[in-house]
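Q: Guided by the hints, dock chain Z onto chain F, whose structure is given.
Taken in order, these protein sequences are the chains called F and Z. Everything in the first sequence is counted per our numbering, starting at 33 for the first residue and increasing by one. Everything in the second sequence is counted per our numbering, starting at 3 for the first residue and increasing by one.
Note that these hints are calculated values from the structure, not bench results. Every residue, glycine too, gets a C-beta built ideally from N, C-alpha and C. Heads up, a few of these hints could be off.
As the list claims (entries may be wrong) - The list that follows gives simulated cross-link-like pairs (lysine-lysine, DSS-like), each with its CA atoms no further than 25 Å apart:
| id | chain 1 | residue 1 | chain 2 | residue 2 |
| --- | --- | --- | --- | --- |
| 1 | F | K89 | Z | K3 |
| 2 | F | K102 | F | K87 |
| 3 | F | K103 | F | K89 |
| 4 | Z | K44 | F | K35 |
| 5 | F | K85 | F | K50 |
| 6 | Z | K3 | Z | K107 |
| 7 | Z | K3 | Z | K70 |
| 8 | F | K45 | Z | K44 |
| 9 | Z | K3 | F | K87 |
| 10 | F | K89 | F | K50 |
| 11 | F | K87 | F | K50 |
| 12 | Z | K107 | F | K89 |
| 13 | F | K85 | F | K103 |
| 14 | F | K102 | F | K35 |
| 15 | Z | K70 | Z | K107 |
To be verified - Stretches of chain Z that chain F covers, calculated by requiring three or more beta carbons in the stretch to come under 8 Å of a beta carbon on chain F:
| id | stretch |
| --- | --- |
| 16 | 43-52 |
| 17 | 102-114 |
To be verified - Each pair of labels, with its calculated beta carbon distance range:
| id | chain 1 | residue 1 | chain 2 | residue 2 | range |
| --- | --- | --- | --- | --- | --- |
| 18 | Z | A80 | F | E111 | 45 to 55 Å |
| 19 | F | P71 | Z | S61 | 26 to 36 Å |
| 20 | Z | N65 | F | D83 | 33 to 43 Å |
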Amino acid sequence: DVKVTQSSRYLVKRTGEKVFLECVQDMDHENMFWYRQDPGLGLRLIYFSYDVKMKEKGDIPEGYSVSREKKERFSLILESASTNQTSMYLCASSLGHRTPYEQYFGPGTRLTVT
Amino acid sequence: KQEVTQIPAALSVPEGENLVLNCSFTDSAIYNLQWFRQDPGKGLTSLLLIQSSQREQTSGRLNASLDKSSGRSTLYIAASQPGDSATYLCAVQSGGGADGLTFGKGTHLIIQP
Numbered sequence: 033d034v035k036v037t038q039s040s041r042y043l044v045k046r047t048g049e050k051v052f053l054e055c056v057q058d059m060d061h062e063n064m065f066w067y068r069q070d071p072g073l074g075l076r077l078i079y080f081s082y083d084v085k086m087k088e089k090g091d092i093p094e095g096y097s098v099s100r101e102k103k104e105r106f107s108l109i110l111e112s113a114s115t116n117q118t119s120m121y122l123c124a125s126s127l128g129h130r131t132p133y134e135q136y137f138g139p140g141t142r143l144t145v146t
Numbered sequence: 003k004q005e006v007t008q009i010p011a012a013l014s015v016p017e018g019e020n021l022v023l024n025c026s027f028t029d030s031a032i033y034n035l036q037w038f039r040q041d042p043g044k045g046l047t048s049l050l051l052i053q054s055s056q057r058e059q060t061s062g063r064l065n066a067s068l069d070k071s072s073g074r075s076t077l078y079i080a081a082s083q084p085g086d087s088a089t090y091l092c093a094v095q096s097g098g099g100a101d102g103l104t105f106g107k108g109t110h111l112i113i114q115p
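Chain F with its partners taken away, still in its complex shape (with noise of 0.2 Å):
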C-alpha cells in the first residue's frame, strides 16, 4: 500500500513565524503536490514537484515556497505564516509523470495561525 504521512495533524503557530510542514512518501513517486481545503472553496494546489529539486507553481502559490530534496520528502514553508494561512493542508504523490497514474493523498495538516 502507498503510503503518504505529514509529520503533524495539527500546528498551532503565531504571526509571522516560519512554518516548515514535512511530508514523506514510501513508495519511491516521481510527483508530489500541496494543496489547501478550506470550507467552501474546496482544495486547492499551492506547489508541485516531479523530480528532485524541480517545482512548479499551483493556483495559489503566494506566500508560501518549497523544498524537494530528495524523492520521498516534499516539505512546504510558510516564509511568515499569517491568519490567512490557517487551513487544511493536504500533501498527496503520484508515480510518474509520463502517465496518468493515481494521486495518493496523506491525512492532513491542520494548521492554525493565531
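A: Then chain Z, alone, in the frame of chain F:
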C-alpha cells in the same frame, strides 16, 4: 481555466438505494479524472481513476463513467450502506501526468440506516 462542478452539494438517502453523483468540467481536454472520498477531518481516499481514453471504471459497488466530449462524469454507488457516508470529490488532471488536480467542491452524502 478548468472549473469542476459537483451536483448535488448534499444528498441524504435511505440505506440500500442506488445513487448517482454528478461531476462536470468546463474544459474537455483532460488527462484523467479521479474520484475520491473524504471522511470528516481526514485525508482523501482514491476510489477510481478514469483515463481520458476510457469510458468507465468499476470497483466493487462503485462505477464511474466519463463523457469527455460533454464534460461530464458520474459516480454510481450500488446498494448504498451507512459506511458510504462521506464527502465525495471529483478531480480532473488537465495537463500531463505530473500536473496537479482541479477539484470540485464535493457532494456530502449521508446514508440513513
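Q: Starting from the hint list further up, note which numbers the structure goes against and sort them upward.
A: none
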